[in-house]
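Chemist: Residues per chain, in single letters:
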Amino acid sequence: MLSPAVLLLLAWMIVPLTMTIYFSFLRYNLLSPGINAWAGWSNYQYFLTDPAFFAALTNTLLLVVGVLLITVIGGTLLALLLDQPIWGQGVVRILVLAPFFVMPTVSALVWKNMFMNPVNGLFAYAAKAVGLQPFDFLAHAPLASIILIVAWQWLPFAALILLTALQSMDQEQMEASEIDGAGPFSRFFYLVLPHLSRAITVVILIQTIFLLSIFAEILVTTNGGPGYASTNITYLVYAQSLLQFDVGGGSAGGIIAVILANIVAIFLMRMIGKNLEA
Amino acid sequence: MGSIKLNKVTKSFGSTQVIPPLDLEIQDGEFVVFVGPSGCGKSTLLRLIAGLEDVTSGMIEINGVDATQTPPSKRGLAMVFQSYALYPHMSVRKNIAFPLKMAKLAPEERDQKVENAASVLNLTDYLDRRPGQLSGGQRQRVAIGRAIVREPDAFLFDEPLSNLDAALRVNMRLEISELHQTLATTMIYVTHDQVEAMTMADKIVVLNAGHIAQVGSPLELYHKPANVFVAGFIGSPKMNLVTGPDAQAMDAHTIGVRPEHITISEGGGTWTGKVGVSEHLGSDTFLRVNVDGVGTLTVRASGEVALRHGDSVSLIPEEGKVHRFDADGLAMQ
Ligand SMILES: Nc1ncnc2c1ncn2[C@@H]1O[C@H](COP(=O)(O)OP(=O)(O)OP(=O)(O)O)[C@@H](O)[C@H]1O
Ligand SMILES: [Mg+2]
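Those protein sequences? They're chains P and G, same order as listed. Read in the numbering used here, the first sequence has 20 at position 20, and its numbers run on one by one without any break. Read in the numbering used here, the second sequence has 127 at position 127, and its numbers run on one by one without any break.
Any given hint might turn out to be false.
[Stated by the list, open to error] DEER-style ranges, computed between Cβ atoms:
#: 1; chain 1: G; residue 1: Asn-163; chain 2: P; residue 2: Phe-185; range: 18 to 24 Å
#: 2; chain 1: G; residue 1: Asn-163; chain 2: P; residue 2: Leu-9; range: 30 to 36 Å
#: 3; chain 1: P; residue 1: Val-91; chain 2: G; residue 2: Asp-66; range: 54 to 60 Å
#: 4; chain 1: G; residue 1: Val-170; chain 2: P; residue 2: Phe-100; range: 54 to 60 Å
#: 5; chain 1: P; residue 1: Arg-270; chain 2: G; residue 2: Asn-163; range: 26 to 32 Å
#: 6; chain 1: P; residue 1: Leu-8; chain 2: G; residue 2: Asn-163; range: 27 to 33 Å
#: 7; chain 1: G; residue 1: Asp-66; chain 2: P; residue 2: Arg-270; range: 56 to 62 Å
#: 8; chain 1: P; residue 1: Phe-100; chain 2: G; residue 2: Asn-163; range: 36 to 42 Å
[Said to hold, decoys possible] SDA-like, lysine to any residue: derived pairs with alpha carbons at most 25 Å apart:
#: 9; chain 1: G; residue 1: Lys-203; chain 2: G; residue 2: Ser-217
#: 10; chain 1: G; residue 1: Lys-5; chain 2: G; residue 2: Lys-101
#: 11; chain 1: G; residue 1: Lys-101; chain 2: P; residue 2: Phe-189
#: 12; chain 1: G; residue 1: Lys-5; chain 2: P; residue 2: Glu-175
#: 13; chain 1: G; residue 1: Lys-74; chain 2: P; residue 2: Arg-198
#: 14; chain 1: G; residue 1: Lys-94; chain 2: P; residue 2: Gln-173
#: 15; chain 1: G; residue 1: Lys-74; chain 2: P; residue 2: Pro-184
#: 16; chain 1: G; residue 1: Lys-101; chain 2: P; residue 2: Val-65
#: 17; chain 1: G; residue 1: Lys-94; chain 2: P; residue 2: Arg-198
#: 18; chain 1: G; residue 1: Lys-5; chain 2: P; residue 2: Gly-181
#: 19; chain 1: G; residue 1: Lys-224; chain 2: G; residue 2: Asn-208
The set of hints was computed from the structure by calculation and includes no laboratory data. Yeah, the Cβ is synthetic: ideal placement off N, Cα and C, and Gly gets one too.
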């Protein structure tokens, strides 16, 4: 028996999905309306053989892996820092969380115009102050810059989850290890890190889902360029369907993105999902 | 090697002093038990000795050397926690080997010692399990194993058996006593179970609100309690403490008689009262007798005593078994 909720959910997902699949097999371009001829697999063939596709695929992976690395390592360090008893702990914790509340478009704009701008940005100002040539981040290292921006947004999320995990660490275990002669590093690697592994798994799973579909930050800062240097799959689909008005090709890209996301999800679940069972 | 000396040690948390100046000497090889009511500072004292808490003032000597500022790992002590504090992500083998690994021992030597400890503690079959897959008693043994591989000068136990069921507790009690016999290492054992204290200790330290009420062998404490607190704390059921005219008749502020030192007489006695609730343990019966003007006295009678609720009985304290205490609660000779 399917419950109404499941039916609703199915309809909710199935209708757009089937429409996308349908469009992906049509020669459907907004510049030549009315000629919605059957196209077979040609949209897919076109999308997959497009050199931009492989660039976008690599960029997507780099973006996800880069942000995950920064947020997990940085988040762990930040959580360790926040776990220390410090003055004004409550305020500091809220401040650390602040980036998470800033909308992606806004934070990307702030980074673009106030930090990374080669003329007026703070980084340029700092570089000039020490006598260096300002670096045009978004032109010369577009993907790295976007990774930095996105990591800045997600760092608080990772830090917060890891902090709560840290706080559930058993104090007597730490004391026992102290008596057993473990220094701070041994204690971190033998006790704290294994204890955090589950929380780290959760952070990786949740973030991967969101990071695969990063879009606003790219649109606002680099528009996927220069060339395809900062185009990911999501942005490529957008460019295909809305900049080149090729709805058929965009739909095919969308379906490929869905398939890729599922492959990644299965892969992740296999690899680290068993961490959640134990 | 394993003598510990506390010299005017105090401990305060913020403005509350938990341990007032305290002196204590523990000889090498002794089994010392700290007992006292909940919150009296037993754990705190143990943690001070272990180095997990810093003393507020005073000095701790281990093996004749001032160890007040020595970090916990350098004191040559091993501790067994109430929650066992095993490392959940490591197998039993790795748990036991952990202190050796931290001491940078060669792997072969490590394995050798772990195997030895495991065979002493009957853990050989469980070496590859995780702590989560063990029973409470087995976990306790792993915790002890992790302590003994370090070959410490002294073991510190903080209520190690309080999470176990009664039967297992008796077993582990014997095992720890046996371990003490074979290793002959100093052991300091915290408990609030006085049966554990009486059966295991060479020397009992009774703590009351952070200060030492009395130090002595179990029988010394039983036969010659130094004050009312120890008299009431050691012995089960509790000693009967009587104040008022009966005490004054013996030139004391308080007199104490243990339940086992009161006999029931048929006709006439020191006290006469009505039997209240009685507890039948099979071998013994503990009668609670309400005596007018004195209060409720607990009396140990044989298992087959035929008294019922409401019956009238006469009680006679045994000659020479009455403890007398002055107005400050100190024992009078
Ligand atoms: N970290 C701390 N901060 C403030 N007070 C503390 C701290 N640790 C212990 N205390 C206080 O010190 C006193 C002694 O505590 P301790 O844990 O030594 O008692 P205990 O004798 O071990 O009791 P129990 O038998 O219940 O374990 C208690 O009144 C407790 O409230
Ligand atoms: Mg305690």
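Chemist: Taking the hints in turn, state whether each one holds.
Modeler: Each hint tested on the structure:
no., hint, in the structure
1, G:Asn-163 / P:Phe-185: 18 to 24 Å, "violated, 32 Å"
2, G:Asn-163 / P:Leu-9: 30 to 36 Å, "violated, 46 Å"
3, P:Val-91 / G:Asp-66: 54 to 60 Å, "violated, 42 Å"
4, G:Val-170 / P:Phe-100: 54 to 60 Å, "holds, 55 Å"
5, P:Arg-270 / G:Asn-163: 26 to 32 Å, "violated, 38 Å"
6, P:Leu-8 / G:Asn-163: 27 to 33 Å, "violated, 49 Å"
7, G:Asp-66 / P:Arg-270: 56 to 62 Å, "holds, 57 Å"
8, P:Phe-100 / G:Asn-163: 36 to 42 Å, "holds, 41 Å"
9, G:Lys-203 / G:Ser-217, "holds, 4 Å"
10, G:Lys-5 / G:Lys-101, "violated, 30 Å"
11, G:Lys-101 / P:Phe-189, "holds, 13 Å"
12, G:Lys-5 / P:Glu-175, "holds, 23 Å"
13, G:Lys-74 / P:Arg-198, "violated, 33 Å"
14, G:Lys-94 / P:Gln-173, "holds, 14 Å"
15, G:Lys-74 / P:Pro-184, "holds, 15 Å"
16, G:Lys-101 / P:Val-65, "violated, 34 Å"
17, G:Lys-94 / P:Arg-198, "holds, 21 Å"
18, G:Lys-5 / P:Gly-181, "holds, 23 Å"
19, G:Lys-224 / G:Asn-208, "holds, 17 Å"
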